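Chemist: Chains as they are written, first to last, in this note's numbering: chain S, 4 to 395; chain A, 4 to 150.
Treat each hint with caution, since some may be false.
Covered stretches of chain A, as calculated for chain S (at least 3 residues, CB under 8 Å) [unchecked claim]:
1. 21-28
2. 38-50
3. 84-90
Pulled a few chain S residues facing chain A out of the computed Cβ check, cut under 8 Å [said to hold, decoys possible]:
4. F306
5. I307
6. E308
7. S311
8. M318
9. N320
10. P336
11. H347
12. E348
13. H351
14. M384
15. S385
16. P386
17. L387
18. E389
To be clear, the hints were calculated from the coordinates, so they are not data collected in a lab.
None of the values given here were measured: they were computed from a predicted structure.
We put the beta carbon where it would ideally sit given N, CA and C, even for glycine.
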Amino acid sequence: MEKKIYLDNAATTKTKPEVVDAMLPYFSELYGNPSSVYEFATQNKKALDEARLTIANALGTESAEIYFTGGGTEADNWALIATAEAYQDKGKHIITSKIEHHAVLHTCEYLQKRGFEISYIDVDEYGIVKLDQLEKAIRPTTILISIMFANNEIGTIQPIKEIGEIAKRNKILFHTDAVQAFGQLDIDVDDLGIDMLSASAHKLNGPKGIGCLYIRKGIKIRSFIHGGAQERGRRAGTENVPFAVGFGKAVELAMTTMKERTKKETELREYLIKRVLAEVPYTRLNGHRSKRLPNNANFSFQFIEGESLLIMLDMNNICASSGSACTSGSLDPSHVLLSIGLPHEIAHGSLRLTLSEANTIEELDYTVDKIKEIVDKLRKMSPLYEDFVRRR
Amino acid sequence: MYTKKVMDHFSNPRNMGEIENPSGVGTVGNAKCGDIMRMYLDIDDKGIINDVKFKTFGCGAAVATSSIATELVKGKTVEDALKVTNKAVVEALDGLPPVKVHCSLLAEEAIHAALWDYAERKGIKIEGLEKPKSDIHEEEEKEEIVY
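Model the full assembly from the supplied sequences, consistent with the hints where possible.
Modeler: Following this line, the structure appears as structure tokens:
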């Protein structure tokens with residue numbers, strides 16, 4: 004196919020033209036600083052407020068609880084570090100899972116070096132956090148539970164409401180990294196018992212470089228970036244108005260199209276999963292069969308290595324990603340795939356395909372045909388496959 | 004990320020496959036790190052490498068280094084093949100990203116492992132050849148996976 008087939012929407016998404024259109028006036032025309040008093044700048048303040056309200060509504064909360072950040076990673080860092088600092092008098096223990104994004108895991112490591120204790124909860128073979136283990140990990144000194152809403156690699160959706168209840172019952176704050184879930188799944192922070200939530204604009208067709216942290220009223224979390232009075236004094240620095248407007252527009256579009264869009268994505272996903280599992284031997288689907296993000300499919304092809312597969316897919320104009328060590332820049336394959344119990348060599352042979360509503364059956368057919376060809380080619384090259392065939 | 008040479012050898016690997024009744028076979032690397040290379044050598048009575056084949060489980064660089072390594076040793080004497088270093092492999096590919104240089108080491112080791120096997124089978128000693136560290140024996144236990 005001449006045309007590029009983009010199947011990496013968990014990495015980032017296309018900024019929608021409507022989003023770009025909404026942002027454009029705020030660069031060269033309405034460039035005022037929202038903190039200024041004159042009429043020209045108050046339009047920017049208004050635009051910022053509107054975007055904040057749109058996002059608040061989408062999460063079932065109020066504007067005053069939404070704080071713009073420089074992205075999902077910053078929101079995660081803020082939630083964890085500032086909570087740790089603010090609540091260390093109560094205790095220095097935090098609970099998280101083994102399959103969090105590095106924005107959470109590496110922040111936990113940072114806190115560990117500074118005297119905090121972290122419990123990393125196991126997940127089952129589908130990537131669902133073990134709730135009994137989570138409950139048992141709670142101590143009188145536990146100040147925070149941070150569990151992601153849905154996993155970025157294998158798409159598994161966590162039992163967020165149950166975790167929210169456990170947190171509430173034990174009077175512990177509950178933060179969730181909803182970067183992958185926001186815009187794809189219904190989220191009501193009150194209903195789910197969420198105290199803090201991280202989100203990012205570029206995962207739902209908004210611009211890169213902006214996200215937000217929802218902080219429930221009454222939580223004494225401190226400022227993360229010190230300076231002016233922006234974001235109620237909790238996140239200083241002149242607000243990025245065009246990006247906030249873009250984020251707001253993207254959320255508005257995502258919310259109005261969610262039902263229809265995720266239905267289509269789920270149908271495409273199911274088609275893809277069925278074809279791959281039926282037509283490529285020695286293949287498994289990683290993650291939960293149904294409790295998964297509408298657009299996520301993650302496979303492991305035995306006897307082959309993921310980076311080789313990605314390069315060959317790229318040669319055929321297909322953009323995808325893998326949890327192999329070679330693509331993670333380390334010697335170990337994805338911590339998520341290892342946590343669900345995959346042996347290293349199977350984890351190395353993983354492929355993540357994350358769809359959008361713009362994908363077509365034709366594109367998926369072409370992709371599956373290419374996967375078959377490439378997997379076959381790589382297996383013929385693989386000493387592991389040779390040994391397997393000999394032993395059979 | 005990769006040079007044209009690497010991409011060429013990755014997409015059109017030279018001497019990929021197996022040799023029946025080889026003079027020597029060596030397998031190096033480990034599945035944990037995601038790289039395994041196997042080299043087959045066919046060496047004649049005069050000690051010349053008449054044919055060489057490889058199989059590799061690994062990234063683009065692992066495949067490319069295996070492929071170019073086969074070209075570098077084919078037609079050479081055992082002594083000359085021993086002189087093919089990982090540096091020569093990297094140079095022949097017009098360079099590798101720093102994180103992939105270990106693949107070239109693996110290629111050098113794969114040749115050495117195959118030569119070691121050849122020497123063992125013939126009951127000879129090859130001057131300057133040591134048993135490669137990451138040599139894998141066929142019978143090594145593997146984790147069983149159920150699908």
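Chemist: Now tell me, hint by hint, if it's right for this structure.
Modeler: Each hint, compared with the structure:
no., hint, result
1, 21-28, "violated (count 1)"
2, 38-50, "holds (count 4)"
3, 84-90, "violated (count 0)"
4, F306, "holds (7 Å)"
5, I307, "holds (7 Å)"
6, E308, "holds (5 Å)"
7, S311, "holds (6 Å)"
8, M318, "holds (7 Å)"
9, N320, "violated (14 Å)"
10, P336, "holds (7 Å)"
11, H347, "holds (4 Å)"
12, E348, "holds (4 Å)"
13, H351, "holds (4 Å)"
14, M384, "holds (6 Å)"
15, S385, "holds (4 Å)"
16, P386, "holds (4 Å)"
17, L387, "holds (5 Å)"
18, E389, "holds (6 Å)"
Violation of the numbered hints given earlier is confined to hints 1, 3, 9; the remaining hints are satisfied by the structure.
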